[in-house]
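With chain A held as given, fit chain B with the ligand onto it using these hints.
Chains as they are written, first to last, in the numbering used here: chain A, 1034 to 1399; chain B, 5 to 481.
I should point out that these hints are in silico values taken from the structure, not numbers from a laboratory.
Do not take every clue at face value.
[Claimed, not checked] Covered stretches of chain B (in silico footprint by chain A; criterion: 3 or more residues with CB under 8 Å from a CB of chain A, positions within the stretch not fixed): (1) 41-53; (2) 365-377.
[Claimed, not checked] Pairwise CB distance ranges (calculated): (3) G1089(A) to A392(B): 42 to 48 Å; (4) R92(B) to R1292(A): 40 to 46 Å; (5) E1268(A) to E295(B): 54 to 60 Å; (6) D1130(A) to Q438(B): 39 to 45 Å; (7) A432(B) to L1298(A): 20 to 26 Å; (8) E1268(A) to Q438(B): 53 to 59 Å; (9) E295(B) to Q1044(A): 48 to 54 Å; (10) D304(B) to D1049(A): 53 to 59 Å; (11) M214(B) to E1349(A): 41 to 47 Å; (12) E50(B) to R1321(A): 47 to 53 Å.
None of these values were measured; they are calculated from a predicted model.
Think of the CB as a built atom: it goes at the ideal place given N, C-alpha and C, for glycine as much as any other residue.
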Amino acid sequence: MSASPQAPTLQPRTIDEVVAAVRETPRLLPFGGGTKPALSLAPPGCASLGLCGLSGILEYDPGEYTFTALAGTRLSEVAAALAANGQYLPFDPPFADAGATLGGAVGAGLSGAARQRYGGVRDFILGVRFVTGAGELARAGGKVVKNAAGFDLPKLFAGSLGRLGVIVEVSFKVFPRPPRTATLRAVFPDLGPALGALVRVNQAAFDVEALDLEAPGVLWVRLGGSADTFTERMERLARLTGGVTTVLTEGSDQAAWERLQLRLLPPGSTALLVKVPVTAMAIPELDRLLGQAGADRRYGAGGNVAWITWPGTAAELDRFLRTQRLAGLVIQGAAGTPLLGATRGDNFRNRVKAALDPEGRFPGYH
Amino acid sequence: MLASLAKIFPPDRFLASAAGTAPFECDGLTAFHARPLAVVMPETREEVVAAVKWCWENRVPFVARGSGTSLSGGSVPVAGGIVIALNRMNRILRLDPVQRIAVVEPGAINTAVSQAAARHRLYYAPDPSSQTICTIGGNVAFNAGGAHCLKYGMTSNHVIGLTVVLPDGEVAELGGESLESVGPDLTGVYVGNEGLFGVAVEITLRLLPMPETYRTLLAAYDRLEAAGDAVGKVVAAGFLPGAMEIMDRLAIEAAEAAVHPGYPRDATAILIVELEGEKAGVDVEFARLNEVIRGTGAHDIRIARDNDERLLFWKGRKSAFSAVGRLSPDYIVQDGVVPRGKLGEALREIERMGRERGIRVANVFHAGDGNLHPLILYDGRQHGALEAAESLAGDILRLCLRLGGSITGEHGVGLEKRAFMAEMFAPADLAVMQRLRRALDPRALSNPGKMFPDGSAPALTAHGMHPLEKAGVISRE
Ligand SMILES: Cc1cc2nc3c(=O)[nH]c(=O)nc-3n(C[C@H](O)[C@H](O)[C@H](O)COP(=O)(O)OP(=O)(O)OC[C@H]3O[C@@H](n4cnc5c(N)ncnc54)[C@H](O)[C@@H]3O)c2cc1C
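The shape of chain A in the complex, shown without the other chains (with noise of 0.2 Å):
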């Protein structure tokens, strides 16, 4: 599916054609593949910067563990690229099927399941190019895998919203894709116990490429490696989780991940999707919360991120993040502005803002 709740009214092809479309554009907001539609979504007044045009690998070499791509490129070209290569995004950025565009995964600051092993998008980017809302291109960071030199402004455009500059190029890191995966289901009557072996496992010496819990009683820790090792460690595992356990291979494995992935609500929803930040700690709580409210909900990255389907309003998930003391970022629904909740830095973000753009080309945080 190649969701596209509005075509981008400014269509650049070449970097200097954005450069140019942000210096004459009062008011705008970058669109990639429109896979997140609370992100591209321009607000009334604002025009929207089509990406799509801008597209291609610049520079890939395996050895590097590196590439270098336009903006606007797939990130399903990417994956295959890297696939060809035995390679892989480590973050596993969500919606690569649906169409998403690398410079929308870094704007979005998405990180998938796979997080878990060594890092999200903020981790493995080392390079942007950009065109400020000043209409200036720059250039920050590098192209290696280490670079100390200059303030560290990729990091900044991860889960910058669109709202900092137009990302028009990026480099990031990658890494070997593990040659074969295995999955292990543990069950349990409910959330508790569940958490308690997510802890476990988070804790414990394996190397966990993936750890998602689904409420409430439902753990999945996927390991990597070479085929003839899963024995072994899968029995480890399950005696560390405890629960009733299964494992998964091969296509079964496959499957169990494409179904926990990121998906978009039904066309036709009212409900919001929602990314929110947590710590196991406060998961107990928050779910038994979430339960009374009907959220739909799961835990990622290990139990440090929930994603909920909010049946309610954008003012009521406001009112109910705040008195949590988390924040939250609205991925499809109507949302006005995408962060909601007690969001932190607020007087840091705002002073980066007035660096970036000076002028409020585009959208405001709030």
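For chain B with the ligand alone, coordinates are given in the frame of chain A:
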């Protein structure tokens, strides 16, 4: 004017005499000296805020300081400014094994975090060689690295939350206790700011479970370039080692003389490769690694039989820097990065440049990251020797840029490499960074004169060992 600052701190934590400020006048890069107006030693966040506000109101520049081990002049005071020394704020405030985090004050020593976490079988991954003495605050400001960065990254990949005092005294809370976040990654942009974004007063670190096992091998080569090329082959074969380090002949000889690690005597270069993780997986991978290394032209391959032998491999490596330093009265360390595939070429070029100019260069470095640490030896008493060494150091950085790399992998720009920022970045890139800095520090009071190619530099004198290295307390990589 100083009287009002002196009122904030008791006399034993406010130093303004020449004798009092002397220990704070330089850092690990001993080439630069500057005399501060005063040194204050806060014990609480409130005292940091008060000191910063005093600087803001009186328009006096300040430099936050951890242990002063910066190798790029980052913690050299600003003449006539205030040093905010954070060593007394060194508590580990909270260690949460469930969330796998440690919340620390900025003056906490790097190794103290791992020591505190050890009873939960957790550790703090970034391991700069100065780790027994440098502070987490300094690590944050410089995005410090170490020998184990390839797999789990630098400091910035392990900092998830910060409380910071901005240069006008405003406090900001960035990130939090979750590994995930929403909105722009403010924690990420704070790390590596080189002291230009005020003072970090509380830092939340992520901890990792200790690996179940390590497997380490050491391969000897007839040519340095061959060792460099071997790194590319290991990576191309799909390995992700925890560490991959190279030493050249000069470094090997020096290490042998200093700590007798028993390295192959006839080697022109050695490569150390270490795998870590679950035993079942690592054993399989290690067998395959041996195959690959055999195909790289190594004439001797040694495998650490046990943890003692592994530690011996590392002892030689970790001491090599200071060991080489003892071969020469003075030296400069460079920190440029090249793409891994260009390591062989870069090493050949450095060797050629050194030979042509009659300057000895030793190489001990983080090969897996392409992060070179050429050690340029010279005798500061000889007329023009420092200038010749500086000129070679500069040409090595230019070589790194030409090969598509960076002027610094982990030591930062500081005072030392300011001029090279304009060679790595275009004026527009620097203008955006400056605007960001001015938005956070409108009066440019926080560590001014560092990172950006403006401002006047204190006089260059001579490079040499850090006083603590001379005393044998620390060694460098
Ligand atoms: C022998 C030796 C070996 C070394 N090995 C390595 C290595 O392997 N890898 C590596 O990366 N580096 C290495 N270094 C460099 C150095 O140790 C690191 O840069 C370290 O992070 C500095 O820590 P520090 O506490 O000494 O900070 P300082 O030198 O005191 O300060 C460094 C910078 O941080 C700023 N700062 C300090 N505290 C704060 C704070 N709380 N808030 C804001 N800014 C602050 C200062 O203003 C300054 O700009 C080595 C240095 C030596 C002398």
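Outcome of the hint check:
With 0 residues having a beta carbon nearer than 8 Å to a beta carbon of chain A, the region 41-53 of chain B misses the requirement of three or more and the stated coverage is violated. Beta-carbon proximity to chain A at under 8 Å applies to 4 residues in the region 365-377 of chain B; the threshold of 3 is reached and the given coverage holds. Our hint of 42 to 48 Å for G1089(A) and A392(B) holds, since their Cβ atoms are close to 45 Å apart. At roughly 53 Å, the beta carbons of R92(B) and R1292(A) sit outside the given window of 40 to 46 Å.
For E1268(A) and E295(B), the Cβ-Cβ distance of about 28 Å falls outside the hinted range of 54 to 60 Å, so the restraint is violated. For the hinted restraint 39 to 45 Å between D1130(A) and Q438(B), the CB-CB distance of approximately 41 Å keeps it satisfied. Between A432(B) and L1298(A) the CB atoms are about 41 Å apart, so this pair departs from the stated range of 20 to 26 Å. One distance hint, 53 to 59 Å for the beta-carbon pair E1268(A) and Q438(B), holds here, with the actual separation near 58 Å.
At roughly 51 Å, the beta-carbon separation of E295(B) and Q1044(A) lies within the given 48 to 54 Å, and the hint holds. The hinted range of 53 to 59 Å is satisfied by D304(B) and D1049(A), whose Cβ atoms lie roughly 55 Å apart. Between M214(B) and E1349(A) the beta carbon distance is about 44 Å. The supplied range of 41 to 47 Å therefore holds. Checked against the hint of 47 to 53 Å, the C-beta distance between E50(B) and R1321(A) comes to roughly 38 Å, which is inconsistent with it.
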